[in-house]
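Residue-level listing of the chains:
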Amino acid sequence: MVEAIKKRWQILKYKFIFFLGVVGPGIISANADNDAGGITTYSVVGAHFGTKMLWVLLLVTFALAVTQEMGVRIGLVTRQGLGGIIRETFGVKLTALVMFLMLIANMGTVTAEFAGVAASFGIIGVSKYVAVPIAALFVFFVLFKGSFKTTQKIFLVFSFFYIVYIINGFIIGPDFGQAMTDMVTPTIEFTPIFLITMIALIGTTITPWGQFFIQSYVVDKGLDIQHYKAEKVEVYLGAIITNVVSFFIIISTAATLYKVGIHIADAGDAAAALEPLAGHLAHFLFAFGLFVASMLGAFILPTATAYAICEAFGWEDGFDTDWSRGKYFYSIILITIILPCLIVLIPKISLVSIMVLSQDINGILLPFVLLFVLKIINDKSIMGEYTNGFWSNLVAWITIIGIIVATVVLVASSFFILG
Amino acid sequence: MLYLSHVLGAKVLDSADHVVGVLQDLAISHKVGEYAPVRFLVVKPVRAKKDVFIPYEYVDDFSKDEVSLTTSLKKVEFEKHISNRFVFLDKDVLDQQIVDVSGIRVVRVNDLRMGKVNGKMCVLGIDISTKGLLRRLKIEWMDFFNWFSVDMIDWRKAQPLRRELKLSMSSNDLDRLHPADLANIIEDLNVQHGGRLVQSLDVKDAAKVLEEIEPKLQKILVKYLGPDKASDILSQMSVDEVADLMKSLPREEAKVFLSHLRGSKMKNVEKLLIYPDDTAGGLMTLDFMKVSPETTVKQAMEEIRRHSSKHRSVLYIYIIDEDEKFKGVVSLRSLIVASAEKKMCDLTNEDDFHKNSTLKVEDDVDEIMEVMTKYDLFTAAVLDESGKLLGIVSIDDVMRHLVPNA
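Protein sequences appear in the order of chains A and B. Numbering-wise (the working numbering), the first sequence opens with residue 6 and increments by one. Numbering-wise (the working numbering), the second sequence opens with residue 61 and increments by one.
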């Protein structure tokens with residue numbers, strides 16, 4: 006009897022381990038999109054424009070699934086990171102350009118993460134001059150002394166906090182009919198503020214670093230092309246799950262803040278969207294969620310940046326190298342933590358603006374990275390039989406062109422207004 | 061000092077100083093352990109679409125400032141195609157990964173140092189430094205404090221990986237690397253390069269290296285090599301390592317790989333496949349010395365001499381009777397100090413062999429460690445219910461299980 010139970014338990018254990026074996030890259034990578042920049046951007050989208058931008062979110066879900074799947078596929082076929090392939094295919098000059106753009110975009114995102122830390126502590130009345138340096142030190146300490154992977158998992162579990170937005174969404178009882186209609190009716194306002202928010206919405210969901218991250222994740226995990234089908238499902242699932250959360254953040258803020266005309270000026274305003282669920286505790290709940298999301302990004306991004314750059318330039322990487330051999334690796338991590346902290350500590354700077362604008366930088370730089378990804382994935386000498394099909398190429402091109410057009414219109418309209 | 065980045069993209073002049081084209085690439089002939097001489101210039105002629113290959117014999121001056129020919133382009137007998145024996149420096153070497161044998165690491169080629177050896181223009185070294193990177197980007201001036209220094213690998217000491225690479229452990233510096241170090245290098249490479257490196261090794265060395273590679277990459281590499289090529293290497297690996305590897309593969313695939321192994325090897329692997337990973341059965345190896353109780357010390361030592369190369373290590377001699385029942389164990393030390401005529405069964409005493417100092421197949425890692433620690437064993441015998449000796453667990457198999465990433 007006991008033996009039988011033990012056997013059963015063993016089988017269950019193996020099944021569970023197998024399940025965990027495939028799960029990871031898609032879900033984690035997509036979930037990390039709901040970081041400080043993400044929550045704030047979605048909140049601003051809902052608060053300032055109601056459900057008008059939901060059609061963009063729908064398109065972005067497809068685009069996220071397709072672009073992440075492409076990253077997974079390149080990783081599975083080549084078993085190499087994106088930085089390395091770009092270097093070997095396009096030479097050192099273009100590599101330097103892409104790495105520079107990625108560095109800028111990632112620094113922007115890390116800045117958003119520390120702004121998120123500052124904002125969440127701001128809600129409970131702790132000064133950012135205290136909270137941000139301590140958070141930075143903590144990130145530092147864990148990265149250099151502790152286990153990066155364990156911490157990442159802990160924060161990932163915490164990040165399931167977003168389910169509160171889904172529950173909240175149902176409690177408010179928003180106008181789902183209107184939301185569904187808006188999801189399939191493209192509306193666009195040719196104002197800088199609308200365009201800037203729209204690019205941020207795209208840029209916070211599909212990110213340059215996300216492309217690098219998911220590809221090196223599948224390589225590190227030791228997956229190969231045999232796992233392709235399972236991975237594809239996982240990636241699509243990840244894209245849908247995160248964007249369901251995004252959907253509910255937007256309709257929550259739309260139903261609470263947009264309705265009464267509150268514009269989000271600080272994180273406290275965004276927290277008000279959770280009041281139907283949590284009442285007075287809404288602020289604490291939001292502060293906790295924002296903090297966790299910020300920390301997750303603050304852990305992943307500096308490390309991911311350092312790995313990508315070192316791979317491209319052939320510098321030694323990894324936390325098991327000593328300081329003199331891994332000096333570039335450690336320097337990049339340090340710079341991508343310290344510089345963003347300093348920006349956040351500038352007195353009177355608007356934290357919400359940082360969090361949204363950093364997503365704009367990501368959005369504007371994204372097409373360049375995607376162009377490289379597209380070029381690689383359509384190269385038979387690299388991908389063999391696994392080159393892109395018609396639909397993947399179509400979705401990727403629409404994403405690229407869509408962002409470029411939006412950016413051009415944005416720049417043009419800003420000039421128009423200034424002029 | 062001349063670098064490849066100085067001449068790539070340079071204008072090529074003829075004897076009358078007319079620009080006849082732009083230098084695209086250089087073709088070298090590569091031989092392991094020698095500086096590679098430049099054999100052809102790959103030039104895109106003015107007003108022509110296709111590149112031509114100009115033999116290096118026509119070059120008059122090849123320097124930082126100019127590349128000039130001894131004659132006019134019309135008189136050059138250039139080639140339209142050259143054999144793919146030649147390695148192209150820009151296409152095949154620059155920006156690729158190479159193995160730095162002396163530093164035991166994988167690096168990227170940032171630039172190549174050129175120079176004359178015995179009057180021939182050759183590739184001398186590989187610049188892997190940040191200085192080389194700045195030079196390639198044409199922003200060397202940024203290093204005005206001279207913070208960065210050039211870090212050069214001798215061409216003869218490096219192994220380019222993109223083209224088919226031919227190296228054998230014996231004729232090459234790679235043989236100085238410990239299999240574990242070589243395994244680390246392969247872990248750093250992508251699967252094509254890593255697979256090629258494994259294939260380039262002699263099968264015995266390849267087996268040692270493959271054993272040291274982390275399990276998930278092992279699996280990918282073996283699949284990349286395919287059953288035919290992998291079976292040669294697998295048959296040189298120790299049975300328990302092969303069994304572990306097969307366990308990690310889907311059943312159908314494992315069957316295919318197994319069917320490519322020799323009969324006896326296959327049977328032994330299959331014997332191990334039935335035990336779960338973290339038990340004595342899963343950890344044990346079939347690789348040990350066994351003799352019958354009546355064997356004399358002299359005979360046993362001869363036996364060791366004869367079969368030593370087959371075994372990974374010989375620390376203990378196991379004594380089994382005709383029914384393969386475990387009868388005791390003799391350490392190498394007691395064997396050496398014993399007189400030659402003594403029988404093996406007389407050498408086992410309470411110190412070496414205690415009833416509790418053996419393992420059962422289903423013992424888990426904790427139990428194994430307890431027994432091995434308590435009785436100070438380097439290897440422990442694994443018995444079935446009837447007392448038959450099935451295999452032995454060695455301390456490094458336990459260590460590998462506890463510290464899988466080392």
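If you are wondering where the hints come from, they were derived from the structure by calculation, not from laboratory data. Nothing here was measured: the structure is a model prediction, and the numbers come from that model. One or more of the hints may lead you astray.
What the hints assert, rightly or not - Calculated lysine-lysine pairs in the DSS-like style (CA-CA distance at most 27 Å, straight line):
#1 B:K180 to A:K234
#2 B:K91 to B:K350
#3 B:K289 to B:K350
#4 B:K264 to B:K276
#5 B:K283 to A:K385
#6 B:K370 to B:K315
#7 B:K385 to B:K370
#8 B:K91 to B:K135
#9 B:K109 to A:K380
#10 A:K150 to A:K98
#11 B:K350 to B:K448
#12 B:K279 to A:K226
#13 B:K110 to B:K135
#14 B:K104 to A:K385
#15 B:K420 to B:K402
#16 B:K191 to A:K12
#17 A:K98 to B:K385
#18 A:K380 to B:K385
#19 A:K332 to B:K331
#20 B:K217 to A:K385
#21 B:K315 to A:K234
#22 A:K237 to B:K350
#23 B:K264 to B:K289
#24 B:K176 to B:K104
#25 A:K237 to B:K331
#26 B:K71 to B:K191
#27 A:K385 to B:K109
#28 A:K234 to B:K279
#29 B:K315 to B:K358
#30 B:K276 to A:K158
Said to hold, decoys possible - Derived contacts from chain A toward chain B, CB cut-off under 10 Å, selection only:
#31 F67
#32 T83
#33 K98
For every residue, glycine included, the Cβ atom is placed at its ideal position computed from N, Cα and C.
Open item on the list: With the threshold set at 27 Å, check whether the alpha-carbon distance from K217 of chain B to K385 of chain A stays at or below it.
Closed with: violated (32 Å)
TODO: Take a quick look at whether K332 of chain A and K331 of chain B sit within 27 Å of each other, Cα to Cα.
DONE: violated (49 Å)
Task: Hinted pair K385 of chain A and K109 of chain B, Cα distance within 27 Å - done: holds (23 Å)
TODO: For the pair supplied as a hint, K279 of chain B and K226 of chain A, confirm whether the alpha-carbon distance does not exceed 27 Å.
DONE: Cα-Cα ~12 Å, so holds.
- [ ] Below or equal to 27 Å on CA atoms is what counts here, so check K420 of chain B against K402 of chain B.
- [x] Distance of about 30 Å is beyond 27 Å: violated.
- [ ] For the pair we were handed, K380 of chain A and K385 of chain B, check the Cα-Cα distance against 27 Å.
- [x] Not OK: K380 of chain A and K385 of chain B at ~65 Å, beyond 27 Å, violated.
Open item on the list: For K283 of chain B and K385 of chain A, compute the direct alpha-carbon distance and say whether it is at most 27 Å.
Closed with: holds (21 Å)
TODO: Would you check the hint for K191 of chain B and K12 of chain A, treating anything up to 27 Å between C-alpha atoms as holding?
DONE: Not satisfied, since the Cα-Cα distance of roughly 60 Å exceeds 27 Å.
- [ ] Using 10 Å as the Cβ threshold, decide whether T83 of chain A counts as touching chain B.
- [x] holds (6 Å)
- [ ] Quickly compare the C-alpha distance for K289 of chain B and K350 of chain B to 27 Å and report which way the hint goes.
- [x] violated (32 Å)
Open item on the list: Checking one constraint from the list: CA of K237 of chain A to CA of K331 of chain B, max 27 Å. Satisfied?
Closed with: Distance of about 37 Å is beyond 27 Å: violated.
Open item on the list: Does K350 of chain B sit within 27 Å of K237 of chain A, going by the straight-line distance between their CA atoms?
Closed with: violated (52 Å)
Hint check: violations occur at hints 1, 2, 3, 8, 10, 15, 16, 17, 18, 19, 20, 22, 25, 29 and 31; the rest are consistent with the structure.
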